[in-house]
Amino acid sequence: MSESIWITRAKEYKLHLVVLVVCIIVELIGLQKFKIGPATIVLIPFLFAFILGVLLTPAITEKYWKSFKKIIGESEQKAATPCITMGITLFIAKLAVLVGANMDKIIQGGPAMILQEFGNIGAILFAVPVAVLILKMKRETIGASFSVCREPSLALASEKWGLQSEAGLGAMGVYIVGTVFGAIFFSILASICVSLDIFHPYSLAMAAGVGSGSMMAAASATIKELATQSQQELIMAYAAASNLITTATGMYMSIYLGIPLTKWLYKKLSGDNLEDFIEEG
Amino acid sequence: MTEKKNTSSISLRDWSTFLLLFAIISIVAQIFNFHHIFGIGTAKTANVWLMLKGYAVLYIGTIIGLICAKYIRIGWPVVIWVSMVLIVASLPWLPTHKFVTEITKPVALLPMASVLIVYAGIAIARAELKLFKEAGWKILIIACLTFTGSFFFSALISEIVLKAMGQI
Numbered sequence: 003m004s005e006s007i008w009i010t011r012a013k014e015y016k017l018h019l020v021v022l023v024v025c026i027i028v029e030l031i032g033l034q035k036f037k038i039g040p041a042t043i044v045l046i047p048f049l050f051a052f053i054l055g056v057l058l059t060p061a062i063t064e065k066y067w068k069s070f071k072k073i074i075g076e077s078e079q080k081a082a083t084p085c086i087t088m089g090i091t092l093f094i095a096k097l098a099v100l101v102g103a104n105m106d107k108i109i110q111g112g113p114a115m116i117l118q119e120f121g122n123i124g125a126i127l128f129a130v131p132v133a134v135l136i137l138k139m140k141r142e143t144i145g146a147s148f149s150v151c152r153e154p155s156l157a158l159a160s161e162k163w164g165l166q167s168e169a170g171l172g173a174m175g176v177y178i179v180g181t182v183f184g185a186i187f188f189s190i191l192a193s194i195c196v197s198l199d200i201f202h203p204y205s206l207a208m209a210a211g212v213g214s215g216s217m218m219a220a221a222s223a224t225i226k227e228l229a230t231q232s233q234q235e236l237i238m239a240y241a242a243a244s245n246l247i248t249t250a251t252g253m254y255m256s257i258y259l260g261i262p263l264t265k266w267l268y269k270k271l272s273g274d275n276l277e278d279f280i281e282e283g
Numbered sequence: 104m105t106e107k108k109n110t111s112s113i114s115l116r117d118w119s120t121f122l123l124l125f126a127i128i129s130i131v132a133q134i135f136n137f138h139h140i141f142g143i144g145t146a147k148t149a150n151v152w153l154m155l156k157g158y159a160v161l162y163i164g165t166i167i168g169l170i171c172a173k174y175i176r177i178g179w180p181v182v183i184w185v186s187m188v189l190i191v192a193s194l195p196w197l198p199t200h201k202f203v204t205e206i207t208k209p210v211a212l213l214p215m216a217s218v219l220i221v222y223a224g225i226a227i228a229r230a231e232l233k234l235f236k237e238a239g240w241k242i243l244i245i246a247c248l249t250f251t252g253s254f255f256f257s258a259l260i261s262e263i264v265l266k267a268m269g270q271i
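So the sequence lines, in the order shown, correspond to chains A and G. Offset between the first sequence (1-based) and my numbering: plus 2. Offset between the second sequence (1-based) and my numbering: plus 103.
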């Protein structure tokens, strides 16, 4: 038994070697900055890393590079999932140091930090009208609009409606879009917001925490690059603290505010009174 | 291994072994980040000895968090325990503050995040890619609006409150 773990780890060596090589390549490329009109776009190595990672999944490589499946096959792919769960703890450890060390300043910014959690309402106000009035979507609107759907929200949707229902499929769809494009999208959104100079970098840093850990990492790293040296550490600390609060309270926000408000707005706009809408809990 | 609660199906030994490997890959990534060929590097140092010391402290903190999550069962997930341990250790009012913050400073966040996201990219399964295709362009638009709305409103609220309190 005592050696089994070394054997299982050793079997996955190809996966880890590929990860190492991809990381070396993306870090050599480094961070790229360029201007499009008034906005400065920042592409962090993180984004290249993700795109290369997806391009190396077996489902994609079988289309253009069949022999690569011998290196990253289905079993190596399966081994990658727990690696995220485990590895993220070390990343969170470093973030936690930033949060802890700046706790005095975070407490000062506390009221803003807590109130910005209500930014969730913005998702509903932006998404529901377009979904109902322009795209003529049905009840999947409810699942798709009530929050930046990450794991806790998806769990909630599956418990309340079941993932096979219309609303559940909406939640599932947003969850998957977030998984595939979330980091890239948030990073680009953040660079546009910083360079248009509508908001202070600290406000954007707090907003960077609304989604998952990878969305937060992408957005905050981008904001940091475009801010002044003296603001950088606090930006990371604010983003990390905001993300921590979202993780802890997001589910309650959805239950008591997000879902009721989404349903109310959907009813108003679509004329569907949701009489036969099945919901549990 | 018999435990069923969320992440605990992974044994402590598996977890701690992988973190060693993960730390090594992250250190290599950071070295290349520092000695990048194109673009801009974000890491402040490529000194392996300084990085090792920083990683060692983070590693110990993480393991303490993992042990807490395993034995103190009050329903907190691993990430909350790990955060708690390191937040407390680095609080400015505690004597450990200076040691923990100084020694972990050489560890750059971004290269570590890159390593994680490569695993995440590779882990995106056939089923997810297929569902993504089927979910269609409408969901894609709505997802983008949901993200934008949430981000924009959060930033707006923060801006108003921070301004009102005279902090920016």
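Treat each hint with caution, since some may be false.
[Said to hold, decoys possible] SDA-like cross-link-like pairs, simulated, lysine to any residue; straight-line CA separation at most 25 Å:
id, chain 1, residue 1, chain 2, residue 2
1, G, Lys241, A, Glu227
2, A, Lys107, G, Val191
3, A, Lys140, A, Glu161
4, A, Lys80, G, Leu124
5, G, Lys201, A, Gln234
6, G, Lys156, G, Trp179
7, G, Lys241, A, Leu165
8, A, Lys16, G, Lys208
9, G, Lys201, G, Lys241
10, G, Lys208, A, Glu227
11, G, Lys147, A, Ile31
12, A, Lys35, A, Ile194
13, A, Lys140, G, Trp240
14, G, Lys233, A, Ile194
15, A, Lys16, G, Ile113
16, A, Lys16, G, Arg116
Calculated from the structure, these hints are not laboratory results.
Checked hints:
1. Lys241(G) x Glu227(A): 33 Å, violated
2. Lys107(A) x Val191(G): Holds: Lys107(A) and Val191(G) sit about 15 Å apart, inside 25 Å.
3. Lys140(A) x Glu161(A): 20 Å, holds
4. Lys80(A) x Leu124(G): OK: Lys80(A) and Leu124(G) at ~18 Å, within 25 Å.
5. Lys201(G) x Gln234(A): 19 Å, holds
6. Lys156(G) x Trp179(G): 28 Å, violated
7. Lys241(G) x Leu165(A): 18 Å, holds
8. Lys16(A) x Lys208(G): 31 Å, violated
9. Lys201(G) x Lys241(G): 51 Å, violated
10. Lys208(G) x Glu227(A): Status holds; Cα separation ~17 Å.
11. Lys147(G) x Ile31(A): 17 Å, holds
12. Lys35(A) x Ile194(A): Between Lys35(A) and Ile194(A) the Cα gap is close to 12 Å, so the pair holds against 25 Å.
13. Lys140(A) x Trp240(G): Holds: Lys140(A) and Trp240(G) sit about 15 Å apart, inside 25 Å.
14. Lys233(G) x Ile194(A): With Cα atoms ~31 Å apart, Lys233(G) and Ile194(A) exceed 25 Å; violated.
15. Lys16(A) x Ile113(G): The given pair, whose Cα atoms are some 21 Å apart, holds under the 25 Å limit.
16. Lys16(A) x Arg116(G): 21 Å, holds
Hint violations for this structure: numbers 1, 6, 8, 9, 14, all remaining hints satisfied.
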